Amino acid sequence: MSEYMQAYQVKRVLTHNPGLKSFRFDRVIEAEPGQFVLVWLPGVDEKPFALSGVFEHEIEITVKAVGPFTSQFMNVQPGDWVGLRGPFGTGFQPIEGMVLIGGGIGNAPLRYLAQCLREEKLVFRWVIGVKTAEDLAFREELESMPECIIVSEDGSIGKKGRAVDVLASMNDNEPIIVLAASGPEPMLLAVHGFANTFSPDIPVQLSFERYMKCAVGLCGQCCLDGTGLRICVEGPVLSGHQLQGVTEWDRPHRGPSGRRPQD
Amino acid sequence: MINRLHVNLAGIELASPLVLASGVMGLSASSLERVAELGAGAVTAKSCGLEERKGHPCPAILPFGFGLLNAVGLANPGVDDMIAELRTFRLQSDVPVIASIFGKTVDEFAEVAARIAEAQPAMVEVNVSCPNVAAEFGRSFASDPALVGEITRRVRGRVSDIPISLKLSLQCMSIAEVAKACADNGADVITAINSVGPGMIIDPNVRRPVLANRMGGLSGPAILPLAVRAVWEIAEAVSLPIIGTGGVETAEDVVQMVLAGATAVGVGTAVYTRGLEVFSNINSDLHVFMQERGITSLSDLKGAAHV
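Going down the list, the sequences are from chains A and B. First residue of the first sequence? That's 1 in the numbering used here, and the numbers climb one at a time after it. First residue of the second sequence? That's 1 in the numbering used here, and the numbers climb one at a time after it.
Watch out, some of these pointers could steer you wrong.
[Said to hold, decoys possible] Ranges between beta-carbon positions, derived for each pair:
hint, chain 1, residue 1, chain 2, residue 2, range
1, B, Glu-51, A, Glu-153, 32 to 42 angstroms
2, A, Met-145, B, Arg-207, 34 to 44 angstroms
3, B, His-6, A, Trp-249, 31 to 41 angstroms
4, A, Pro-78, B, Pro-204, 17 to 27 angstroms
5, A, Gly-161, B, His-287, 58 to 68 angstroms
6, A, Glu-153, B, Asp-80, 14 to 24 angstroms
7, B, Ile-201, A, Glu-153, 40 to 50 angstroms
8, B, Asn-3, A, His-57, 40 to 50 angstroms
9, B, Val-106, A, Gly-255, 21 to 31 angstroms
10, B, Glu-37, A, Trp-249, 41 to 51 angstroms
11, B, Ser-160, A, Met-74, 24 to 34 angstroms
12, B, Glu-37, A, Gly-255, 41 to 51 angstroms
[What the hints assert, rightly or not] Listed next, the in silico DSS-like pairs over lysine-lysine satisfying Cα-Cα at most 25 angstroms (straight line):
hint, chain 1, residue 1, chain 2, residue 2
13, B, Lys-54, A, Lys-64
14, B, Lys-180, A, Lys-47
15, A, Lys-131, A, Lys-47
16, A, Lys-21, A, Lys-131
17, A, Lys-121, A, Lys-160
18, A, Lys-159, A, Lys-64
Source of the hints: derived by calculation from the structure; they are not laboratory data. Please read these numbers as outputs of a predicted model, since none were measured by experiment. Ideal Cβ placement from N, Cα and C applies to all residues, glycine included.
With these hints in hand, go ahead and build the complete structure from the sequences.
And the structure:
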């Protein structure tokens, strides 16, 4: 697998619920956790997805139906051909003592990061935040992992609350030395804000999302205002340092035309 | 120390002959500024039209081993947003910025030109040669010398003293004839060439063309010889300065373009094949190339292959 398009047959589909599924392909890739692949659904579109798992013989993406592309993806069956290229961008760097924090479908790439941490025998903790129990993929697997703390906004699974709100008490328990986060942007910025309340601040690795066309640093769609950093090349995983100078956090993201929806 | 790389392009002073080509890192002031800081002599913004366009779905940009096939479909935020980005860029950078425009009709070209001139770009590049919107725009304007001449004349009349460049395509009977039409109607510069083709890549398992638009323009190292030949032919036909564009990745490629007759040289797809460092890398390699041969100015090389 490379930046060139290659089609692969879907090997297995794992249905978490009708709008949340994982898709496995024959293993074709060496990738860091947090790196992404472009996924082409012929006749529909092509979108970036971070890998949720890399196994001996298979790779996996986890898709939640949120728009036209991901909704159509729910119809993909074993044996269907799907185009894949990548991996692209930067990944998370596994570190001893790392605290993972995920929001919703953002937990998918953290599952692969957790897998890497376990394989490297590194100690970690993982705060899994979801809106409601239905949003949790791999529920049985995650509930049985001693490293995981599951929280939901409606209290339908785990403690009621938001993932970020758990960080302070976790830190009281055992000081957090490094954070890896993936999820909605307000959550990422809240994690960054939390890390910055310490002196020196806690190092963070944050995974961002932007609309993109090329994934190879060319089209400019995913460039951040203020610094011009490309989410597809210098990201998607950025350090706190790389967030300095970015001026677009409070603005709607650029769409396919390059225009931001009216602020 | 003399800057051997300095060039004068239609009155615009460039610290390097390298011009970021349109369509690459060109949507925002911040991305253009980043390229400017990395050593581009000038930067070209993404082509914009009167209205916002979403362009084609993806895959729209496809690496294939010898360059890229792309069919972005003139996606752009519309001229109003682009004016704002250009103004922001000009507040932050002294590097000349070139606006790029397109229209569906001759009138629309003139109208977008008049609007974009409000942002006071160093130059307005007129993209008459996008190959990827055939279904909607009909045959590319660039194949018809009379039509390109008409667009040139109309745009020229709407941008006061801002230099204009016509971005031409090889999809025509004679690019030299099209260039003459530009020169006769008030063009200051020619940019050549746009992506070539269109071409198509079909996935053998999916059994469909991979690009959502089915076909798209070819760019990158595969088209360098075509671009060099086009620059050569244009240089034989007109005396206008040329931004030689197409497949340039190295200092030697730049020298080829200049020897064929280019004054400045566009760099686009190389941002993918060589990374953003391509600008500083070419600059330093070109400096060494010239120093070793005792060449103090690129103008000494311009068109020198024509004997």
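Going down the list of hints, with the structure as the test:
no.: 1; hint: Glu-51/B with Glu-153/A: 32 to 42 angstroms; in the structure: holds, 40 angstroms
no.: 2; hint: Met-145/A with Arg-207/B: 34 to 44 angstroms; in the structure: holds, 42 angstroms
no.: 3; hint: His-6/B with Trp-249/A: 31 to 41 angstroms; in the structure: holds, 39 angstroms
no.: 4; hint: Pro-78/A with Pro-204/B: 17 to 27 angstroms; in the structure: holds, 20 angstroms
no.: 5; hint: Gly-161/A with His-287/B: 58 to 68 angstroms; in the structure: holds, 59 angstroms
no.: 6; hint: Glu-153/A with Asp-80/B: 14 to 24 angstroms; in the structure: violated, 39 angstroms
no.: 7; hint: Ile-201/B with Glu-153/A: 40 to 50 angstroms; in the structure: holds, 45 angstroms
no.: 8; hint: Asn-3/B with His-57/A: 40 to 50 angstroms; in the structure: violated, 57 angstroms
no.: 9; hint: Val-106/B with Gly-255/A: 21 to 31 angstroms; in the structure: holds, 29 angstroms
no.: 10; hint: Glu-37/B with Trp-249/A: 41 to 51 angstroms; in the structure: violated, 22 angstroms
no.: 11; hint: Ser-160/B with Met-74/A: 24 to 34 angstroms; in the structure: violated, 55 angstroms
no.: 12; hint: Glu-37/B with Gly-255/A: 41 to 51 angstroms; in the structure: violated, 27 angstroms
no.: 13; hint: Lys-54/B with Lys-64/A; in the structure: holds, 24 angstroms
no.: 14; hint: Lys-180/B with Lys-47/A; in the structure: violated, 44 angstroms
no.: 15; hint: Lys-131/A with Lys-47/A; in the structure: holds, 24 angstroms
no.: 16; hint: Lys-21/A with Lys-131/A; in the structure: holds, 17 angstroms
no.: 17; hint: Lys-121/A with Lys-160/A; in the structure: violated, 30 angstroms
no.: 18; hint: Lys-159/A with Lys-64/A; in the structure: holds, 23 angstroms
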